[in-house]
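Line by line, the protein sequences are chains A and B.
First residue of the first sequence? That's 1 in UniProt numbering, and the numbers climb one at a time after it.
First residue of the second sequence? That's 1 in UniProt numbering, and the numbers climb one at a time after it.
These are computed hints drawn from the structure, not numbers from a lab.
Note that beta-carbon positions come from the ideal geometry of N, C-alpha and C, so glycine has one too.
Careful, some of the hints might be misleading.
[As the list claims (entries may be wrong)] Some chain B residues judged to face chain A by a derived CB distance under 8 Å, without partners named:
#	residue
1	Gln48
2	Leu50
3	Arg113
4	Tyr116
5	Met179
6	Tyr358
7	Arg359
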Amino acid sequence: MIEPIPLPDPSVPDPPDFSGWTCPMPLRDHPNVVMGHGGGGQMSGELIEHLFVPAFANPVLAGLTDSAVFELGGARLAFSTDSFVVRPLFFPGGSIGDLAVNGTVNDLAMSGAQAAYLSCGFILEEGVELSVVGRIAKDLGTAAERAGVIVATGDTKVVDAGHGDGVFVNTAGVGLVREGVDIRPQRAAPGDVVIVSGMIGVHGIAIMSVREGISFGTEVVSDCAPLNGLVAAMLDVTTDLHVLRDPTRGGVATSLNEIAKAAGTGIDLVERQLPIPETVANACSFLGLDPLYVANEGKLLAVVAPGDADAVLAAMRAHPLGQDAAIIGECVEDHPGLVVTRTAFGATRVVDTPIGEQLPRIC
Amino acid sequence: MKYLDEFSDPELAKHLVGQIHATATKPWSMMEVCGGQTHTIVRHGIDQLLPDGVQMIHGPGCPVCVTPLEIIDKALEIASQPGVIFCSFGDMLRVPGSGRDLFRIKSEGGDVRVVYSPLDALRLAQENPDRQVVFFGIGFETTAPPNAMTVYQAKKLGIPNFSLLVSHVRVPPAIEAIMQSPDCRVQGFLAAGHVCSVMGTAEYPELADRYRVPIVVTGFEPLDILAGILRTVTQLERGEHVVENAYQRAVRDEGNPAAKAMLEDVFETTDRSWRGIGMIPRSGWRLSERYREWDAEYRFQVRDIATEESTICRSGEVLQGQIKPHECAAFGTLCTPRNPLGATMVSSEGACAAYYLYRRLQTPAAAGTGAVSSGD
Chain A
1 MIEPIPLPDP SVPDPPDFSG WTCPMPLRDH PNVVMGHGGG GQMSGELIEH
51 LFVPAFANPV LAGLTDSAVF ELGGARLAFS TDSFVVRPLF FPGGSIGDLA
101 VNGTVNDLAM SGAQAAYLSC GFILEEGVEL SVVGRIAKDL GTAAERAGVI
151 VATGDTKVVD AGHGDGVFVN TAGVGLVREG VDIRPQRAAP GDVVIVSGMI
201 GVHGIAIMSV REGISFGTEV VSDCAPLNGL VAAMLDVTTD LHVLRDPTRG
251 GVATSLNEIA KAAGTGIDLV ERQLPIPETV ANACSFLGLD PLYVANEGKL
301 LAVVAPGDAD AVLAAMRAHP LGQDAAIIGE CVEDHPGLVV TRTAFGATRV
351 VDTPIGEQLP RIC
Chain B
1 MKYLDEFSDP ELAKHLVGQI HATATKPWSM MEVCGGQTHT IVRHGIDQLL
51 PDGVQMIHGP GCPVCVTPLE IIDKALEIAS QPGVIFCSFG DMLRVPGSGR
101 DLFRIKSEGG DVRVVYSPLD ALRLAQENPD RQVVFFGIGF ETTAPPNAMT
151 VYQAKKLGIP NFSLLVSHVR VPPAIEAIMQ SPDCRVQGFL AAGHVCSVMG
201 TAEYPELADR YRVPIVVTGF EPLDILAGIL RTVTQLERGE HVVENAYQRA
251 VRDEGNPAAK AMLEDVFETT DRSWRGIGMI PRSGWRLSER YREWDAEYRF
301 QVRDIATEES TICRSGEVLQ GQIKPHECAA FGTLCTPRNP LGATMVSSEG
351 ACAAYYLYRR LQTPAAAGTG AVSSGD
C-alpha cells in the first residue's frame with residue numbers, strides 16, 4: 001500500500017503577518033485579492049513586500065529588482081520571470097506573444113544582461129481556437145528571433161472553460177551580465193541625470209483603445225519592443241549605468257518612485273521635457289488619466305552620472321528605439337524618496353505612486 | 001495640441017498672472033465650484049502663483065465626493081445580488097460605503113463592470129436578457145443628460161432588464177446653501193463651465209444679485225482658470241457682482257436646449273442629501289413617475305440601509321470651503337487615498353486627494369506609504 005503524502009491542513013491557513021504595515025488598509029479591508037493588487041502600484045508592492053517576500057526570504061530576492069543577479073558556476077547571471085494576462089490577446093502593434101518575449105527580455109536588460117534562453121508556459125482555456133494559439137506561438141517565435149533569444153523549454157496546461165481568460169503566457173529567462181556592470185535602483189544618487197528613451201504612454205493607450213472600443217482619431221500603436229539592443233548600445237558608451245528600469249505597469253511615475261525610495265534620493269522632473277505624443281496626451285485628457293502613470297512596453301528609464309549623460313543620450317538617440325530619448329530630470333538631495341515635478345508654469349507638485357490602477361474619471 | 005495646448009501656454013499664463021497681481025489690492029477668497037477645476041489648480045500649481053491673500057476655496061463640485069453614503073450602500077447591496085451586472089464609471093469603484101466598496105464586491109464575486117458610457121450598460125442589458133443590468137447614475141448637470149437619454153432609450157426600445165440608480169445633483173442650490181452658511185468665506189465663484197454648457201447661465205444672475213457675489217463661468221484648462229480668477233478679482237475690486245461668461249467657446253447663455261429637454265422629460269427635481277454637507281432642498285434629480293420602472297431603487301426595493309460614516313472625517317467642511325484639506329487632523333495620517341475616511345480623499349477630483357497627491361511637500365502632514373518594487 002502506498003502511504004499518502006502528508007499535506008498541510010488547508011482548513012488551517014497560516015495567515016501572513018500584516019503587523020507593521022505602513023498603511024492599515026490593504027488586506028485588512030480587502031481580505032480577497034482585488035484588481036489593484038496586480039496594478040503595479042502601492043497595493044502590488046505591499047502584496048509582494050508583506051506576503052511573498054517573507055515566504056521566500058533570501059538575499060537575492062531582497063533587492064526586488066526586475067531580475068535577480070547572482071553568481072553561478074563562475075558566471076554572473078541575471079534571471080527573471082513574468083506572466084502575461086493581457087486582454088485583448090491581439091492589439092495594434094503586437095500581441096500577447098510579443099509581450100511575453102519582450103517583457104522578460106527587457107527585465108533582464110534592466111540588469112544589463114543580454115537574454116540568452118527563455119522558457120515559455122502556456123495556460124490555455126478549454127474552447128480557445130487553435131488558430132489563435134497558433135498565431136500567438138508564431139508571434140512569440142518571431143519576437144524571440146528579433147531579440148536574439150532562444151525559447152529553450154516550455155509547458156502547456158489546459159483549464160476548464162470559464163476558468164481562464166483564453167490564453168495566459170508565462171516566460172522566464174536567463175542571461176549573462178557584462179563584467180563590471182552593476183545596475184540597480186539603489187545606485188541612484190543626487191546629481192544623477194534621469195533619461196527616458198522615447199515617447200511615453202503609448203502601449204497603455206493602444207490597449208485601452210481596443211479594449212474599451214474608444215477611438216482617438218488616429219490609431220495608437222503599442223511600442224512593444226526588445227530593449228536589449230538599446231541597452232547594449234548604452235553599455236558600449238559606459239559600463240557605469242547606475243539604474244535602468246522599464247516603466248511598464250504603473251508607468252514612468254511608479255518606476256521613478258521605486259527608484260527614489262530604493263536609493264533614498266529625491267527626483268525632480270521637468271514637466272515640459274517629458275516626451276508625450278499628441279494622441280496619448282489627447283486620450284489621457286479625455287479619460288482623465290495622467291500619461292506619467294500609463295503603461296509602456298518598449299521604453300526605459302536610465303539614471304546616469306552627470307558626466308556620462310551626454311554620451312549615453314547620444315548613444316540612445318543613435319539607436320532606432322531611442323531616437324526620441326530625452327533628459328527629463330535629475331536626482332536631488334531634497335525630499336528623499338519623493339518624485340516632484342516642476343509644472344510648465346513654474347510651480348511644483350508631487351508625483352506619487354498610484355494606489356492600484358488608474359480609474360477613468362466620471363466627467 | 002489643438003484645443004488643449006493653446007490653453008496651457010506658459011507665456012500667456014505668466015501674462016495673466018501678472019494682470020491678477022496688478023489688479024488685486026486686497027485679499028479675496030473665491031470658490032471654484034467644480035472638482036475638475038480644483039484638480040487643474042492643484043495639479044498645475046496655479047494657486048502658488050496668486051498674490052498673497054488671493055485665495056482659492058475648493059467647492060463641492062466633485063460628483064463622487066458628494067454622492068450620499070446611503071446611495072453608495074444601496075449600490076453595494078444591489079451589486080451583491082446574484083444575476084445583477086452592476087455598471088459604473090471607474091472612479092466610483094473605490095469610494096467607501098459603510099465599510100466596503102465596489103472593488104470588494106467585485107472580488108467577492110459580484111459582477112461589477114467599469115463602462116465609459118451609460119449606453120454601454122444599455123447594450124449589456126440587450127446582450128444579457130436574463131440578467132438585471134444597473135447603471136450607477138451619479139453626477140451634476142454634466143452627466144445627467146446622457147443618463148436621461150439612456151433611460152429614454154430603454155423605455156423606447158422596451159428593454160426591461162435595465163435600470164438606473166440615480167443620485168444626480170444640481171449646482172445652483174449648492175451655491176445657495178454655501179452662501180447661507182454662517183461660516184461662509186466665499187466672495188466670488190468660478191462657476192463650472194461644463195454644467196453651464198448644458199444648463200446655460202439663466203439660473204445665476206439671481207444668485208449673484210441676492211448674495212452680491214460675482215459669478216464667472218469658467219473652463220477647465222489652466223488659462224481658463226486664470227482668466228476666471230482675473231475676471232472675478234476685477235469685479236471684486238470694482239465692487240461689482242454680475243454673471244460673466246469666460247468660457248464662451250463651450251457655453252451659450254441658453255445652454256443646450258436638446259439636453260435640457262431630455263432632462264425635463266426623464267427627471268424631476270427632488271430634495272437631495274449631499275455627502276458631508278447634508279440635505280439641500282430641491283438640489284437633486286430623480287426619475288419621474290413615467291420612468292419609475294427603470295428606477296433601480298424602485299425595482300430592487302433596497303431599504304433599511306444603516307449607514308456608518310467616519311466620525312473624524314471633516315470632508316463636509318472641505319466641501320463647503322470652510323477648511324483646507326490639510327487642516328483636518330486626519331489628513332495624510334489616518335486618512336490617505338489608500339485608507340480614505342471620506343470621499344474627498346477617494347475621488348481623483350476630490351480636494352483632499354488633490355492635496356495629498358500633489359501638495360504633500362507644502363502641507364504639514366507629509367506622509368509616505370512606503371511602496372516597494374512591483375517587480376516587473
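Does the structure break any of the earlier hints, and which numbers would those be? Hints 2, 3 and 5 are the ones this structure does not satisfy, whereas the remaining hints hold.
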